[in-house]
Every structure is written in structure tokens, then in C-alpha cells.
Amino acid sequence: MEPHVLSNLITAALAILLAAALLRARRDPLWRGAGRELARRRPIAVSVVALYVLIAGLDSIAWVDGHAPGAKAESGTLQGQARSVIDRLFPADFQERSYSAPLATHELYGEEPLLHPGKHLLGTNMIGQDVLHLTLKGARVALVIGGLTSAIVIPLALLVGVSAGWVGGRLDDAVFFVMSTLASMPTLLLLIALIMALGTGTTQVCLALGITGWVGLARLVRAETFKIRELDYVQAARVLGTSELRIVWRHVVPNLMHLVLITFALLFSGLVLSEVMLSWLGIGIDGSWGRMIDQARSELSREPVIWWNLLASSTALFILILAVNQVADAVRDVLDPRTALEAL
Amino acid sequence: MIAYVLRRLVYGFATVLGVLLFLFFLFFLYASPEDIARRAIGEKAPPAAIEQWIANHGYDRPLVWNPEDPTDSLLVEHFRRMLTFDFGRSDADDVPIRQRLAEGAGPSLALMVPLFLFELLVSVTLGLFVATFRETYIDRAGVAICVFAMSVSILLYIIGGQYLVGRVLNWFPVSGWDASPSVIARFLALPVIVGVLASFGEQVRFYRTVFVEETARDYVRTARAKGCGDARVMWRHVLPNAMIPILTQVVVAIPFLFTGSILLESFFGIPGLGSMTVDAIQGNDFATLRVMVFIGSLLFILAQIATDVLYTLADPRVRLE
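Going line by line, the protein sequences match chains A and B. Residue numbering for the first sequence follows our numbering, starting at 101 and increasing by one per position. Residue numbering for the second sequence follows our numbering, starting at 45 and increasing by one per position.
The set of hints was computed from the structure by calculation and includes no laboratory data. These numbers come from a predicted model, not from an experiment. Be a bit skeptical, because a hint or two may be false.
[As the list claims (entries may be wrong)] Partial pick of chain B residues on the chain A-facing surface, computed with a CB cut under 10 Å:
| # | residue |
| --- | --- |
| 1 | L50 |
| 2 | L53 |
| 3 | Y55 |
| 4 | L61 |
| 5 | F66 |
| 6 | V120 |
| 7 | F177 |
| 8 | T180 |
| 9 | I182 |
| 10 | M194 |
| 11 | I203 |
| 12 | Q206 |
| 13 | F311 |
| 14 | T321 |
| 15 | L354 |
| 16 | Y355 |
Cβ atoms here follow ideal geometry from the backbone N, Cα and C, with glycine treated the same way.
Using the sequences and the hints given, assemble the complete structure.
Written out as C-alpha cells, the structure is:
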């Protein structure tokens, strides 16, 4: 299957899942209250995060132009390439030959006239790509890093944490040993070692981030499961003859969801920032803001200074991280029973 | 307590063995010597050259089990080298890794010790300050600044600091290294400042939470009732009582004093262990990378045991059983 078709399908599936989750949360008074509280506390941060999600979503929906092959021979390299909704906001051949300043009419070096004078709001990079366009596309990379890694971390941590906490005994000892072994390695070094062994690429980087990231959540889940196991409602379910699996699924896991959500929110910004560091070490993901920042390093020592690349990518990164951090704090305040009680 | 420490040491040793096993899996089984050779000398290298590379670097042995001589396999060799601190030679340039470590530890400590002390001083003081004014505008502004500072990537602090100090203000050299201590101080000033800036947001917020939690306790009310001022309450009563979480944070940071800061060192040209790690990444030097991970986790495990012992000093109520 072609990559853009796969991307479209995944995006559609995620959109449906998100809608279903939101609809379900609306019916549950507890979740509805939490959501309302969240929007009340941090309206701007929540809408900023939603905007980034929207941009990333639009950038994930792509299709190929032109049905007849060879019909548009003059567009050359672009023929047959899938372009996303975000790509379509810009002209198809929106590329210069080299650096140009924001809104410039001529190239930065050499004074050659641009193909699109005055159209590049944030200038162009070394090979003449539009910086605004690249920055918008970076949102998708950032969300893929956070999302894909969470898709590895959360199920793994839930499975391991719940089974260790529920079964206890030998299994718990073994799980605890594995977790303390992984946790004893310095995170960044472990991350580097994993990527060196697995190789670079989006999936590999997310897998490495997942392997380093799941231990924290698994520990929390394990401890909480220990507590829940002894609670009255679990005992009651057991007396009623409910099967173990059903107790875990219906009574334990739902009571862990607040932990999962809080950790997800707190984890997310850390993941995106980690990728920036990895990019800088040369083992990051193509098209990420980290790559753009990394590139900008050498550009600052040029004469005249090329600042727009750095400014655009780091501002986009900063706004996302700031908004996610604020949403994460609010999510914790709203969902954590300890802080939620204080807020009342 | 001695029995407890001994038990912890035994468990710590088991964890070290676990780390070694994990590294073996990652760097010998998952990425086989052949993969490593390909990475080092190129994807399209002729098979003979790859075999030559494998033989030269001592990877031409059975992986796990050698029927002729059970002590002669990569697994045994890996454990033996690490546990005797021999470490072998670098995959990239054949220099003994031990020698590299000895050379790099000095510069790393020279950067990380001042950075660590400044960071601790700044974040504990600011944390106490903000906690003194909890639930006021000062507190809210402080927390907002912390979240703001946390959201900036460390790379931006580095790039910004270098640009501002080195290009705009021309105060001191942005990167470099020298043998004489007086010159080193000039080279270290900027990385230390950048390091403190990059981490204070998270740290101050953490300490604030710890101190605010402490101020809700009864002994604080008693201290106030007998007429203690804000400063005395915070420094003499709250700070010692908050020692346990502070210790946890501080001791766990100690391994990084040796392994150095990967980003700061390579960006500022400090020839420490962090730079060594970056060189290892760029040169596909898996041998050095294994050693760095091993040393990092060894120090971490020791630091954790030390934390437990220090708890008993910080809080006499803690008994290690």
C-alpha cells in the first residue's frame, strides 16, 4: 500500500476513535465534569493544542493529483507525488534555489531574483524550501512522536503494571527486577544506545523512546493496582463470583485511567523535547523541528545571519510544549484525587 | 543497617548483571558483529573486509557458547571486561577505553560539579522563596516563569547563550578548552550558566511543591506561634524537614557528574565523557557506548544505595531494616 493511503487510513481511524472517546466521555458525568473544568481553567492552552492537532491531521490527509499519467508533464518531479491539505495551501512549485530572507525578492547570496518574490513569509532554507511550510509540517512529526510512543508506552505499562500488581509473587519480583534494571541506565544514554542498535527512523526512534518511557508509568500502575486489589468493591465483585479477568477489566483498569491520562500529558512534552536532542546528536527524525533547529546552528554564524529558520521552528516547538505543559498541569489538578480535593 | 546495605548491594549487583545482559542482547544479539562492522566500514563493503574488521576487533568468537572452550565466547568476554573494568578497546580507533575514561573524567567533573552546586543553590533558594509567598501573585508569577523556562528546549538556551555572549557582547570565548585552570574558568562560565538556566524551571517547581507541602504541617504552625519570622521558619524548620526529597534528587544526579552532559560538552568543546559519547555516536563506536551505559548505571545504582543510607542521617526516624 502506498504510504499516503496508509496515512489517510490511520488518520481516519484516529479521528473516529477520538470522536468516539469524546462522545463516550460526554455521557459520563465524571469525565464530562473534568473536561469542562479543563476547558474552564486553560481555554487558550487547550485550543492551541487542538490547533496543532488539527494542523497535523490536515497534513496527514494526502492525495495524488491528475488521473491521466503524463497529463502534466511540465510539473516534472511533482508528478505523481501525494500532497497533503497543508501542502495544498502553498503553490506546487514553491521552492527557490537557496536562502532568502522573509518576504525578500532576491536570494540572500548572489542577488538572483526569486521565483516567488515576496511570497515566502518566513523566508527559505538552504535548499530554498519555504520555512513556514516546513514549520507547519513539523507539527505532524511532533505529534507522531508523542502519539506513536504513547501507543507503545501505555498498553505496555498497563499490561505489565496491572499483571504485576494483581498477580504479585514471582511475577511481580521478575517485573520489578526488569523495571529497576531499565531504570538504572541513564535515560539519554539508554536512548542513544537503543537507537544505535535499532537504527534511525521514525518507528525506531519511537520504539526507543517507548522502551525508556514505559517504566515510570508501569511503576505507578503497579502500585495503584496493589491498592485497588484490597478495596471493598473488588472484594465484593469477587464474592459475587466475577471472574478475575472481568474484575481487572471492569473494576481495576477504569480506576487507573486517570493515572494514564496524567502521565500521557506529562510524558508528551518530554518526548518531543527528547527528539530535539536526538536530532541534534544526528539520530533524530526527518522533518522535525529538532532537525530545523540543528540546521540553524551553523546558519547563525553566517554573514548575514540566517535567523528565520531557527525562529520559526523553535517558536512552533515552544508554543506547543508550553501549551501541553499547561494542559498537563490542569489535567493533573482536575483528575488527581489529592489535588482535586484541594481545589474544591 | 549493615545487613540492609549488604542486601541492597547484592540486589544492586544483580541489577548490574541485568544491565550487562541487556547490553549484550542489544549490541551482540540484536545488532550482530556483522551489522556493527557494516555500520563502521560501509554498507557495501566486500565480505572479506567485513570479516577482517570483525577479526581485528575481536568479535570473531562464538556468541554465547563455545563447545571447545566455554570461557571463550563473546558473552563471557563481555561480562569479564565490564566487571574487571578492563573495557577493551574502542571500535573506532583502537584506543583503550580505560585511558579515554581517565582523560575525560577531569573535564567532565570540572563542568558538572560547579554546575551541580550552582543549580542546587539557585533552585533550593528560589524554591524556598516562592514557597514563602505561596498562594500570592509572587508565587503564581514564579510558577508561570518556571513553566515558561521548562518549555524552552535546552538547545535554544545553548544557541542563544553562545550567540549573545560570543557574538553580540564578546565577553568570553564561546567554546574551547585549555590545560591551565585560570583559562578553564573562562571557558566554563557560559556552559554553567546555560546549564542552570535550562534546568532551573523544573527544579524550582519541584522544590516549591516539596516546601509548600511541608509548610502545611503542625510544626510550622508551632514555630510561627513562638514568633519565628518567615525566613527563620523556612530555612531552619522547613528546609531540614524537606531533606528527604532533596536528597533523593541530589544523590541521583551524582552519576551525571561523571558521565557529563552530552549536550553541553559537545556544544562548548569540553573534552569530557559527554563529548566522548557524541564521538562514539558519530563514529559508530559501539564498544565505547556500551561502557558509557554500563558506568552510568553502575554509578546510579551505587548512588541509590547511598541515598538510602543518607536518609537515616537526614531523618532519625528512618530505620533501614
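For each hint, the structure was consulted:
1. L50: For L50 of chain B, the interface hint is violated, since the closest Cβ of chain A sits about 18 Å away, which is over 10 Å.
2. L53: Cβ of L53 of chain B sits 14 Å from chain A, so the hint is violated.
3. Y55: 8 Å, holds
4. L61: Since the shortest Cβ distance to chain A is 9 Å, the answer is holds.
5. F66: 6 Å, holds
6. V120: 20 Å, violated
7. F177: 18 Å, violated
8. T180: 17 Å, violated
9. I182: 19 Å, violated
10. M194: Holds, because the Cβ-Cβ distance from M194 of chain B to chain A comes to roughly 6 Å (cut-off 10 Å).
11. I203: 6 Å, holds
12. Q206: Holds - the Cβ of Q206 of chain B comes within 10 Å of chain A, reaching about 8 Å at its closest.
13. F311: The hint holds - F311 of chain B has a Cβ within 10 Å of chain A, the shortest such distance being about 8 Å.
14. T321: 7 Å, holds
15. L354: Result: violated, 18 Å to nearest chain A Cβ.
16. Y355: 18 Å, violated
Hint violations for this structure: numbers 1, 2, 6, 7, 8, 9, 15 and 16, all remaining hints satisfied.
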